[in-house]
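Trainee: Dock chain B against chain A, hints included.
Chains A and B, in that order, give the protein sequences. For the first sequence, my numbering assigns the number 1 to the initial residue and increments by one for each residue that follows. For the second sequence, my numbering assigns the number 294 to the initial residue and increments by one for each residue that follows.
Don't read these hints as lab results, they were simulated from the structure. Some clues are possibly wrong.
What the hints assert, rightly or not - DEER-style ranges, computed between Cβ atoms: (1) A337/B <-> P21/A: 32 to 40 angstroms; (2) D180/A <-> I311/B: 46 to 54 angstroms; (3) D6/A <-> A340/B: 39 to 47 angstroms; (4) A343/B <-> D266/A: 27 to 35 angstroms; (5) D180/A <-> A304/B: 53 to 61 angstroms.
Ideal Cβ positions, reconstructed from N, Cα and C, are used throughout, including at glycine.
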Amino acid sequence: MLAAGDVLEALHGVRWPAERPVPGGSPGTHRARTRGSSAEFAEYRSYRQGEDVRRLDWKVLARTDRAYVRLAEDHALLPTTIVVDSSASMAFPSATNGKWIHAARLAAGLAAVAHATGDPVGLSITGGRMLAPRMSQRVVSAITLALAAAVPDGTAGVAASLTAAHGRVAILSDFLADADAVVALARAARTRGVVVYAVHMVDAAELDPPRGPVVVADPEAPDLQRPLTPATRPAYLANFARWRAGLADDFHRAGAHYALVVSGPDGEPAARAVRRIVAGWPESAGDRPTAVP
Amino acid sequence: MTLLAPGYLAAAAVAGGIALGLHLLVTRHGPSAVLPTARFVPAAPAAIVAVTRRPRDLVVLLIRVATLGFAGLAFARPVFTSHRHGTVRIVLADRSSDAGDIGQVRDSVRQILREGDVLVVFDSAARVVPPAGANAAADSLDRVSVRGRLSAALIVARREAARLRTAGDSIEMDLISPVTGDELDAATPAIRTLWAGRIHVVRVPAAGDSSTPPRVMMRASAGDPLLDAAPVRQRMLGAGGAGGATPGVRIVRDVPAAEDSAWARAGEGRVLVVWPGVGDPAGWLPRQPVDTVGAVVAFGPGPIAVVAAFARRWRVAASNGRVRARWIDGEPAVVEHAAGSGCIRDVAIPVPVAGDLVLRPEFEELVAALLRPCGDAWRPVLPVAQSSVAMIAGSGRLMASDSVAAASGDEPLVPWFAGAALVLLIVEAVIRRGRARLSAMPVHLAGTA
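Isolated chain B, as found in the complex:
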């Protein structure tokens, strides 16, 4: 058994000593004597405080000391400690949209997770996966389209640590996450300090990392001006840029077919960009007459504004999609619809054949933004400072189990000690009341009682 707050027991011992000292002090009137000139003695309380060797009222003293002892034990929160060995591991897996490749997260979890470990899957909220289902959960780990919140994950891990404190002598935390700036908030450093030990951080690529740009497949005529845009040209399948062989983005510059939609639905995170250069896609509302607008605004890593004389040919309905770019007058210019695991992005921005618009940097930024992943990942992934990652990781040893406050259910003795203190308080009150009643009785009655 150990005490979680031994200071209270020490305080109770001090209080018991004070109680003993007070019981050694007796307030008495002392020997009395007749003195006719007593009136010349300065007026003062007639009681005299003296110290005796034998404590007065031994029964009450014992009750009080015992009460203080039990109260001190209750506040000291004694817990039973089992024979603990080894390290308990808590694995935090980030499945939020900040994670660029959920497969890497999955692989890391499989590599780290052992029998008996606790898996905590988190995005904007965290969920504990019991050890029994941890491996299955790791295999079926899917990426969700919400941003991650590291604070929520740390809080859940801390709570799990309190529950697991008796399972091992130290607790290890493995964090598998890209650790982006969006995942940190103002409370994260304070919450991190609650974990009194280092954290093993396994960083996976963040969504939108330039190191793994999805490949682009474009169906267009040979002279399509969009082919000259740098983001398209560099990421085209078969180009010399890095990336996998499977395209993540398909740009359709003509009328999309059912096969295009099926492609988007079939793969996770696939983006079908419907960006018609010729013809009218089904469901699109042609604008008659063609309108002219001066600029389009979108959001990539930052605000993107392209100023040009755009001739708007369609009205894009945004009723069942998310607007990703707007014309300068507020009308949607790009709308994204979810499609299975991927999405379909309708782009109603005409690409002029003449001129150098596609070569201008702001237009290239716009194109790059239109090729970004689906959902919340459309927003930029803020980079995180290395110092913040170091703060999350920490240093030193693993967190000791004893440093974790036990959960309320792990202190079975506390209510017993508190109850004993309460009972003793009542007993003392009864004894004192009985004595007061006895002393108030007439002498002859007291003698016969």
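Just chain A, same shape as in the assembly:
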């Protein structure tokens, strides 16, 4: 069972506002790009032939003998999908599955925050279960249960989850399987108006691997075995850091939000990471304020 209660409790009252007006649709909490007929007046606009005459402001017509349509601010929902990478590389360290558990707690937290904002929330576990976005009161519990039941395995990447995404998508992955494809699809999704959050999951043991001579193997490619020795360790650290920096730059260029989250004993707490993600800060910083509720 995924223990996400503390995360949900810590995120009570936190909201996940849209960064810009969302497309119109079902009434929601986010300001929409369309004008509607709600009580929140926005402006008048000249009547256009063919429009519904019921939208005419009769009082203005009576006073000025001119036909105007009264426009009001519109609010819409922002469906949010949490995509969680459940490939074998997420089951690390193998003794604790710390990276996967941390990603699952983050996913539950993000789902709770999005649900608390009033948006429908869905879940997509790569190679596994998929829950369509909905606003049910139990959706967060359902997501938590689905995450608890999932077992990280296989080599499926997260790129497939982006092909039909809409609204807002938060991808929690280490991006080791298909980083280039994910970046390309994120760029395409952005053009469709999809807001993409790339949450890069990295375990502390990956940032500071063992120092002794050890042969390391890629869980998704068992044939790939490399000697990690004091001689090769500096090159590993440099290569990994260069790759992370390049990935962050690629996501930024694609118009996606990028956030690096470190799991492990000294990693960033899940609640704090969620606050940082919904605030749009790419990296953890202890002196930064928490996300605005």
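Mentor: Using the frame of chain A, we list chain B on its own:
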């Protein structure tokens, strides 16, 4: 037991150490771990070479070390050394034509040779006389008409030294020879260096040495012009020159008799010079008419050419003899035939009664050449430099027996050690093949094997 080439054993010890060191090195994959970001580790062989305290595969290591040890022993050539005392002597006796007096050679051999010594008699080839027959061989030592070759004698002596290395702690070589320049060749200095010790050189007079010219007996008329030739006059029996009382050369200026031939056959090295001044010797072909030729050429210590108006009276047949001088047109002028232990030399050179030809130096050289010993000794005996004799003699101690490489039959342990090394190699190959086969079997089969 001692080792003839201990360096190989040392090399084997070093190789064994290297083998041990290699067995202490283990190539392993080390502890393996899962790291999703393994792709960022630089590509390199995954095997890790480490040093362990306990050598891996102890059985194979022992076999390899033993193989190297046996191979090293085989190459080191161990030989059994008996309790050796004293000096072994090898006596080289020169019986070639370079030796002027074989009697002196014989006397020297008798004086030096002791019980158990090895006698090597040599001329152009060398022959080993076993100790049992050495004294008899020394007594019957005869001079032969071929030139001596010191290189052949030294090689045989070296071979005998290898055979006798276990008989004594040092080996002495006594060389009884005139040591002439003809007996040395280009290989002699190199062969001499193979004998790591001094050589006792007993020099005997060389053939043709001026110190012992054979005496001359001449049968001629009182006014024979040849009597005025200096070589004849000085060496005539009864003259004041040195030499023995027995003549070694007989000059017959008239028709030779049977007694002359018998004289030549009776004594060793006797030379009968048939040099007719009057009459025609039996078997000679008179030339009709008498021919005149301008010069005659012979070889003494060097080329001798006498230019004069010689009137050739005979044709000398060279079918069964050796030409010692020729007329200028190539026709034989002096022919030598072997006769028993001596020889008969037919000289068809007329000696003019008038004139001073017999007093001219080149004619005297020709006469001296015609009085030289028989056979190959007719050629000049080249003198040898004192430095060459010193080179042959050498200096320092006698050659130590241990410095002599043993003959192949003296190393009985070598094939055993080599065979043991070979067997161990085969055993190692069998063990490794068996292990490879076992490791290739499925686990459940391996467990039941």
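Trainee: Run every hint past the structure and note whether it holds.
Mentor: Each hint, compared with the structure:
| no. | hint | result |
| --- | --- | --- |
| 1 | A337/B <-> P21/A: 32 to 40 angstroms | 54 angstroms, violated |
| 2 | D180/A <-> I311/B: 46 to 54 angstroms | 51 angstroms, holds |
| 3 | D6/A <-> A340/B: 39 to 47 angstroms | 46 angstroms, holds |
| 4 | A343/B <-> D266/A: 27 to 35 angstroms | 32 angstroms, holds |
| 5 | D180/A <-> A304/B: 53 to 61 angstroms | 60 angstroms, holds |
Of the numbered hints listed earlier, the single one contradicted by the structure is hint 1.
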